[in-house]
Amino acid sequence: MRELPEFTTDEAYEHGLAFQPWPTDIIISPYAKSGTTWTQQIVHTLRSRGDMAFDDISRVVPWLEVSTDFGIDLDAAQAWQPRAYKSHLTWHKVPKGARYIVPVRDPRDVLVSLYRFNEGWFFEPGSVSMAEYAVGFLEPSESHGYWHHLLSWWPQRFRDDVLLLAYESMQADPAGAIQKIAAFCDIPLDEALLQLTLTHSSFKFMLQHKDRFDDKMMRDRSESRLGLPPGSDSAKVRRGQVGSHAYELSDEILARLAELWQQEITARIGLPSYEALHQEIDRDGFQSN
Numbered sequence: 010m011r012e013l014p015e016f017t018t019d020e021a022y023e024h025g026l027a028f029q030p031w032p033t034d035i036i037i038s039p040y041a042k043s044g045t046t047w048t049q050q051i052v053h054t055l056r057s058r059g060d061m062a063f064d065d066i067s068r069v070v071p072w073l074e075v076s077t078d079f080g081i082d083l084d085a086a087q088a089w090q091p092r093a094y095k096s097h098l099t100w101h102k103v104p105k106g107a108r109y110i111v112p113v114r115d116p117r118d119v120l121v122s123l124y125r126f127n128e129g130w131f132f133e134p135g136s137v138s139m140a141e142y143a144v145g146f147l148e149p150s151e152s153h154g155y156w157h158h159l160l161s162w163w164p165q166r167f168r169d170d171v172l173l174l175a176y177e178s179m180q181a182d183p184a185g186a187i188q189k190i191a192a193f194c195d196i197p198l199d200e201a202l203l204q205l206t207l208t209h210s211s212f213k214f215m216l217q218h219k220d221r222f223d224d225k226m227m228r229d230r231s232e233s234r235l236g237l238p239p240g241s242d243s244a245k246v247r248r249g250q251v252g253s254h255a256y257e258l259s260d261e262i263l264a265r266l267a268e269l270w271q272q273e274i275t276a277r278i279g280l281p282s283y284e285a286l287h288q289e290i291d292r293d294g295f296q297s298n
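Counted from 1, the sequence shown has number 35 at position 26 by the numbering used here; the numbering is strictly sequential.
Some hints here could point you the wrong way.
[To be verified] What follows is a list of derived Cβ distance ranges for each label pair:
1) Gln-90 / Asp-260: 44 to 52 Å
2) Ala-184 / Val-137: 33 to 41 Å
3) Leu-198 / Asp-64: 37 to 45 Å
4) Gly-80 / Asp-170: 28 to 36 Å
5) Lys-105 / Gln-272: 24 to 32 Å
6) His-153 / Ala-264: 36 to 44 Å
7) Lys-213 / Glu-151: 39 to 47 Å
8) Asp-195 / Gly-59: 15 to 23 Å
9) Ile-81 / Phe-212: 26 to 34 Å
10) Phe-212 / Gln-272: 30 to 38 Å
11) Phe-132 / Asp-182: 33 to 41 Å
12) Asp-169 / Ala-41: 25 to 33 Å
I should point out that these hints are in silico values taken from the structure, not numbers from a laboratory. Backbone N, C-alpha and C fix where the C-beta goes; we use that ideal spot for every residue, glycine too.
Modelling step: build the complete structure from the supplied sequences, incorporating the hints.
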């Protein structure tokens, strides 16, 4: 079972799975709404020293699973090095032989962000409640979903070709995140480039240029394929507030998420909460360099 039936054709999806990366390639592969676009912009700014001459970030940092549908040649050389790609694939499915950046985010905030992202694009605002939307997210699966994605990447965190980052630490210390990413990508980082990347990956800057980060290519195609109203707003650039679940999710949903964490994560890797996993990521990697 693939996870993007509404976004991509079978041909494009299979082409993405069959991609043969170069050893220097960077594949940004978090679960959805976990800092993907933000990390795309960080990597692209670092390698290009601030290029903004693109209409869609996924044109210069292509999405593996869908780009063939837009006539983008995944195998082509890119204007800047290293080549960089976006994905939401698990470790088991992602093409091997590249380097992988995987931000991880609190599932409670992921759920809120997914709901806000899809509201006004795939359903009219107010037509689907958070409780109704959460049903799919709250169902564990052995083949897809947040829990499956996290469990696939967690054992890989000590690999030299994998950089696992906590989204919350990226927000708390963006300069530290940029330094870590630059080192992982083998991009020399001077103070001017650090400051430029801080600016170009800031919420303020990305909101000012939100037309470059709103999945325009994907939105236009989805509107055509699915008969969605034209001009819908995918709102990719949101503040990404840490802890928004505290006032956006009901006690029932929070309790179910806590139960799922115990069932899917604690039972397998022993960590009792997302906070414990976040601390483990920071101890193992984020603050190590």
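Now for the hints, and whether the structure bears them out:
1. Gln-90 / Asp-260: 44 to 52 Å: holds (49 Å)
2. Ala-184 / Val-137: 33 to 41 Å: holds (39 Å)
3. Leu-198 / Asp-64: 37 to 45 Å: violated (27 Å)
4. Gly-80 / Asp-170: 28 to 36 Å: At 29 Å between Cβs, range holds.
5. Lys-105 / Gln-272: 24 to 32 Å: holds (30 Å)
6. His-153 / Ala-264: 36 to 44 Å: Violated, at about 23 Å.
7. Lys-213 / Glu-151: 39 to 47 Å: holds (41 Å)
8. Asp-195 / Gly-59: 15 to 23 Å: holds (19 Å)
9. Ile-81 / Phe-212: 26 to 34 Å: Taking Cβ atoms as reference, Ile-81 and Phe-212 lie about 27 Å apart, which means the hint holds.
10. Phe-212 / Gln-272: 30 to 38 Å: holds (34 Å)
11. Phe-132 / Asp-182: 33 to 41 Å: Distance hint for Phe-132, Asp-182 holds at roughly 36 Å.
12. Asp-169 / Ala-41: 25 to 33 Å: Holds - the Cβ-Cβ distance for Asp-169 and Ala-41, about 26 Å, lies within 25 to 33 Å.
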